[in-house]
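Number of protein chains: 2
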Amino acid sequence: MRVLGVDPGLTRCGVGVVEGVAGRPLSMLGVGVVRTAADDDIGLRLVGIERGIEEWLDRFSPELVAVERVFAQHNVRTVMGTAQASAVAMLCASRRGIPVALHTPSEVKAAVTGSGRADKAQVGAMVTRLLRLSAPPKPADAADALALAICHIWRAPAQNRLQQAVAENRLQQAVARQAAAVKGRTR
Amino acid sequence: MRVLGVDPGLTRCGVGVVEGVAGRPLSMLGVGVVRTAADDDIGLRLVGIERGIEEWLDRFSPELVAVERVFAQHNVRTVMGTAQASAVAMLCASRRGIPVALHTPSEVKAAVTGSGRADKAQVGAMVTRLLRLSAPPKPADAADALALAICHIWRAPAQNRLQQAVAENRLQQAVARQAAAVKGRTR
Numbered sequence: 001m002r003v004l005g006v007d008p009g010l011t012r013c014g015v016g017v018v019e020g021v022a023g024r025p026l027s028m029l030g031v032g033v034v035r036t037a038a039d040d041d042i043g044l045r046l047v048g049i050e051r052g053i054e055e056w057l058d059r060f061s062p063e064l065v066a067v068e069r070v071f072a073q074h075n076v077r078t079v080m081g082t083a084q085a086s087a088v089a090m091l092c093a094s095r096r097g098i099p100v101a102l103h104t105p106s107e108v109k110a111a112v113t114g115s116g117r118a119d120k121a122q123v124g125a126m127v128t129r130l131l132r133l134s135a136p137p138k139p140a141d142a143a144d145a146l147a148l149a150i151c152h153i154w155r156a157p158a159q160n161r162l163q164q165a166v167a168e169n170r171l172q173q174a175v176a177r178q179a180a181a182v183k184g185r186t187r
Numbered sequence: 001m002r003v004l005g006v007d008p009g010l011t012r013c014g015v016g017v018v019e020g021v022a023g024r025p026l027s028m029l030g031v032g033v034v035r036t037a038a039d040d041d042i043g044l045r046l047v048g049i050e051r052g053i054e055e056w057l058d059r060f061s062p063e064l065v066a067v068e069r070v071f072a073q074h075n076v077r078t079v080m081g082t083a084q085a086s087a088v089a090m091l092c093a094s095r096r097g098i099p100v101a102l103h104t105p106s107e108v109k110a111a112v113t114g115s116g117r118a119d120k121a122q123v124g125a126m127v128t129r130l131l132r133l134s135a136p137p138k139p140a141d142a143a144d145a146l147a148l149a150i151c152h153i154w155r156a157p158a159q160n161r162l163q164q165a166v167a168e169n170r171l172q173q174a175v176a177r178q179a180a181a182v183k184g185r186t187r
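First to last, the protein sequences are chains H and X.
Heads up: the first sequence at position 127 corresponds to 127 in the working numbering, and the numbers run straight through without jumps.
Heads up: the second sequence at position 32 corresponds to 32 in the working numbering, and the numbers run straight through without jumps.
No lab work stands behind these hints, which were simulated from the structure alone.
Take the hints with a grain of salt, since some may be wrong.
To give a feel for the contact side, a few chain H residues facing chain X, derived at Cβ under 8 Å [to be verified]: (1) V47; (2) M80; (3) R95; (4) L133.
Coverage of chain H stretches by chain X, computed from C-beta distances (three or more under 8 Å per stretch; other residues unrestricted) [as the list claims (entries may be wrong)]: (5) 83-94; (6) 120-132.
Cβ coordinates follow ideal geometry from the N, Cα and C atoms, glycine included.
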């Protein structure tokens, strides 16, 4: 399966595409960062993130988008921007009927390094090894996005097809419900 | 000027359109709530919010969208959903080149009631009076959206046109920058 991992952020939003199945060597199809200028208005930054994510979805047609689950507990100053960037990534995927999976930072670290408390360097080193790259992807956000995609492929091998079918079905239902609601209102 | 106020939320996203200028009686053009089902996936809920906001933008063509500024400090459990819904509202507006203004809950309360600590009932009562409605808009999220729009019209009478010009200009610049970046990458 082909997974786009997204490490959400307004200044640097890491993106990485990994293909493969659990138990076999994985391949990296692409890695990068969607950047927006810190001095731009928040609305324009979100438009920039949307454009960037759309470009990656167009280019790689992933079957699933894995996004880091954002918590409000830590880093209060940056968490709002992270939540907003992740909302845009989830919106872009769901709009196309692509299922979205959320994984916590410690799930991702544990999946690729064996420890939920691993540091950035360790995650980067394991991503490099697992994808047989010549050097760790930079910046760390890009490596984290690849780690998210790897984590998803390894954690949910059986669940993924089911999840995709459910996502497509739910999107159709939601569209039908909203169409019915609009019809009701304009009567 | 015509302002769409948005009180962001995933379950109930209040929306209200107010027209007028500071110092003159204001008119309500529309009020409502965009709802999404709590048991839907987060991605689909964001798609539902997007559809709802787009519908209001299409219907009323506001010159500005006023959104409640979300803080991470309080209500940790709901704040992430609020941040995500507000991101979608800001994205929808900015994509069209419509400027976005953020106001804190206490700025809004102070603008319509004279006290930054006013309760929901007081805000509802003042919105009813200021817009000459027959009854307070329900639910409270709808009244809060109208209060946001009123707050914006009263707080920034001179600033608004400037802000609109700046937003349009910045959108053009951002589009040009991104086009240049894509061009650079594909060379």
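Here is what the structure says about each hint:
At a threshold of 8 Å, the smallest CB-CB gap from V47/H to chain X is about 5 Å, leaving the interface hint in force. At a threshold of 8 Å, the smallest CB-CB gap from M80/H to chain X is about 5 Å, leaving the interface hint in force. A least Cβ separation of about 5 Å between R95/H and chain X falls short of the 8 Å threshold, and the interface hint therefore holds. The beta carbon of L133/H comes no nearer than 20 Å to any beta carbon in chain X, farther than 8 Å, and the hint placing it at the interface is violated.
For the stretch 83-94 of chain H, the proposed coverage by chain X is satisfied: 10 residues have a C-beta within less than 8 Å of a C-beta in that chain, meeting the threshold of three. Counting residues of the stretch 120-132 of chain H whose C-beta sits closer than 8 Å to any C-beta of chain X gives 0, which falls short of three, so the coverage hint is violated.
Going through the hint list in order, the structure does not satisfy hints 4, 6.
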